[in-house]
Amino acid sequence: MSQTAEANVKGENVIPTSRFRSFFRQLLKNKVAFSAFVFLVVIHVGVFLGPFIWTVNPDAVDPANALASWSAEHPLGTDDLGRDVLSRMLYGGQITLLVGLGSMIFTVLIGGLIGSAAGYFGGWIDTVLMRFTEAMLSIPNFFLALVALTVLGKSPMMVVLVIAFTSWMEIARVVYGETLKWKETEFVEASNAMGSSSMRTLIKHVIPQTIPSIIVASTLGIAWAILTESAISYLGLGIQPPTATWGNMLQNAQQYIWTAPILGVLPGVAITLVVLAYNFLGDGLRDMLDPKHLGK
Amino acid sequence: MLQFVIKRFGQSIVLILIVTIITFFLMNLAPGGPSSMMRLDATEEERQAIAEQLGLNDPVVVRYGNWLVNAFQGDLGLSLSSGEPVMDRIMERVPYTLQLAVWTILISVIVGIILGILSAKKRNKWQDHVINFGSVIGLSVPSFWLAIMFILLFSVQLGWLPSSGVGGASLMEQFTSSLMPVIILSTATLPTIVRFTRSSMLEVVSQNFIRTSRAKGLKERVVIYSHALRNALIPVISIIGVLIPRLLSGTVIVESVFGWPGIGRLIVEAAEGRDYNLVMGVTVIVTIVVIISNFIVDIIYSKVDPRVKNVG
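Chains L and F, in that order, give the protein sequences. Numbered continuously in our numbering, the first sequence closes out at residue 296. Numbered continuously in our numbering, the second sequence closes out at residue 1312.
I should point out that these hints are in silico values taken from the structure, not numbers from a laboratory. Be a bit skeptical, because a hint or two may be false.
Straight-line alpha carbon distances no greater than 30 Å define the calculated DSBU-like cross-link-like pairs of lysine-lysine that follow [said to hold, decoys possible]:
no. : chain 1 : residue 1 : chain 2 : residue 2
1   : F       : Lys1125   : F       : Lys1007
2   : F       : Lys1219   : L       : Lys181
3   : L       : Lys29     : F       : Lys1219
4   : L       : Lys181    : L       : Lys154
5   : L       : Lys29     : L       : Lys181
6   : L       : Lys31     : F       : Lys1125
7   : L       : Lys31     : F       : Lys1303
8   : F       : Lys1121   : L       : Lys29
9   : F       : Lys1007   : L       : Lys29
10  : F       : Lys1007   : F       : Lys1121
11  : F       : Lys1007   : L       : Lys31
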């Protein structure tokens, strides 16, 4: 507290930093959210460093050894083309998690831009942007995503962009609400009175205040993006094999459900656990941010 | 009231136009234009002939105008893969999706409200935690994967339920074949209704008139079910409008897993076959259905809660 006061005297904007520190301290207290956080760190590290230890090529086909059960050579067995499942799980996990993170970044950029502009500038900008946001919220976006992927191609980057362009509305609404709240505060007024341009005030003073809410919304957004990616990949309209993702590994699983059920179980469990962890983390962060929400 | 209805109606029309514009121009962004979406085995002459017949040589804006005029008359063009009118292909699928959607909404609303009330009454007790945990799980499991696991358990291992199809003419067969799809679809909608009912209940219970009715010495049951619930359920009506797009997105996946011949399956078939007119048609019809149902939900909401009209 005194630290903040002191820093404010010096004219430094440390409010976000100190908030982040107490954020983390509170995270330690919330057992569910903290476990989810630790689990996510382990999964991300495992998936990205795992291939350095388990160096089997995920695309090496071995039809003679297809649908094999577990062995020393293939700890999780092989798939319908004889590819090593462990290796595909690791590389597939990389793509799935990166698609989740990537979609989140673009979602935040689009949603943050639209929400803060609408809230801060008000007037007709507000009307147009927020009406557009409502419109996007009330249409079945999954259909629009399928249309876009059919037309624009199915590269991982395109999947990221399509997910972002069909799911930025939640963040836009959150940022919009926060911006409206903060733009009435004294320090924003002071910044304006000191002659800052409205752009500068928005970027330096209003947007930083919205960051905690953005973190909560984007954590839940990653969960949503991973679910969406896996669904479109399952339908065969997402990232195409041989590039593995947890979603497209399940594409053929239904065919082999009788012979090799493990092929269908494993990627699904992985997706569920990661999405669950992101959801728990997001819910936990929201409780920390807004204690009123606790137990509600 | 009339003013509110007219305003909302106008907004709905604008929304539908926006979606048709986005979809139409997206389709025409396809490298090589929509002609590249025709069947791959089409020869150059066939391509030209089809392009001429579909008016693909006109500028995009003119084509959009023509499409819009026809669409208003219920003509969404011909399916490129089967040659049948798009409208007919969609309409033969609609009843199947409707069957799933209606059951899912009924089950989600009834079970969701019951669990929500229970969760609110037992706030921070184990029942509340279990329901809350279950809700997060329901929202986290990929529905297509859950569907595969259900097939593995109930069709492959236990042999209780058929793994795909719509079943025969008998009521029992129809019930068993739609049971798994409806349950899977509900996992995406039920948790939202539970959470919404719970927080709405807690908010109402903290209000003065509830304290008054308790102070009057009314039984807890009367307080909860006839005073609190009636007010708590009003916002729950609005959430149904939000759930309809999500439900329809869910049908795409669930219908694909269970081989259910609804419109969700149709758009995947159309996208796989690059059937430009059909994809466009399904998207537009689905959007119209969603927007009309949102419109109805809003009207009901404003009827039940007069406060909304001033804001709306």
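Exercise. Is the straight-line distance between the alpha-carbon of L:Lys31 and that of F:Lys1125 30 Å or less?
Worked result: 17 Å, holds
Exercise. Taken at face value, is the distance from the CA of L:Lys181 to the CA of L:Lys29 at most 30 Å?
Worked result: 28 Å, holds
Problem set entry | Hint consistency between F:Lys1125 and F:Lys1007 [alpha-carbon to alpha-carbon, up to 30 Å] | Not satisfied, since the Cα-Cα distance of roughly 45 Å exceeds 30 Å.
Exercise. Keeping to a limit of 30 Å between CA atoms, is the pair of F:Lys1007 and L:Lys29 held or broken?
Worked result: 49 Å, violated
For this session: Take a quick look at whether F:Lys1219 and L:Lys181 sit within 30 Å of each other, Cα to Cα.
Result: 42 Å, violated
For this session: Would you check the hint for F:Lys1007 and F:Lys1121, treating anything up to 30 Å between C-alpha atoms as holding?
Result: Violated: F:Lys1007 and F:Lys1121 sit about 39 Å apart, past 30 Å.
Problem set entry | Given pair status - F:Lys1303, L:Lys31, alpha carbons within 30 Å | 44 Å, violated
Problem set entry | Straight-line alpha-carbon gap F:Lys1007 to L:Lys31, limit 30 Å | Distance of about 48 Å is beyond 30 Å: violated.
Problem set entry | Restraint status (C-alpha distance of L:Lys181 to L:Lys154 at most 30 Å) | 40 Å, violated
For this session: For the pair we were handed, L:Lys29 and F:Lys1219, check the Cα-Cα distance against 30 Å.
Result: 39 Å, violated
Problem set entry | Agreement of F:Lys1121 and L:Lys29 with the hint, judged by alpha carbon distance not exceeding 30 Å | 27 Å, holds
Hint check: violations occur at hints 1, 2, 3, 4, 7, 9, 10, 11; the rest are consistent with the structure.
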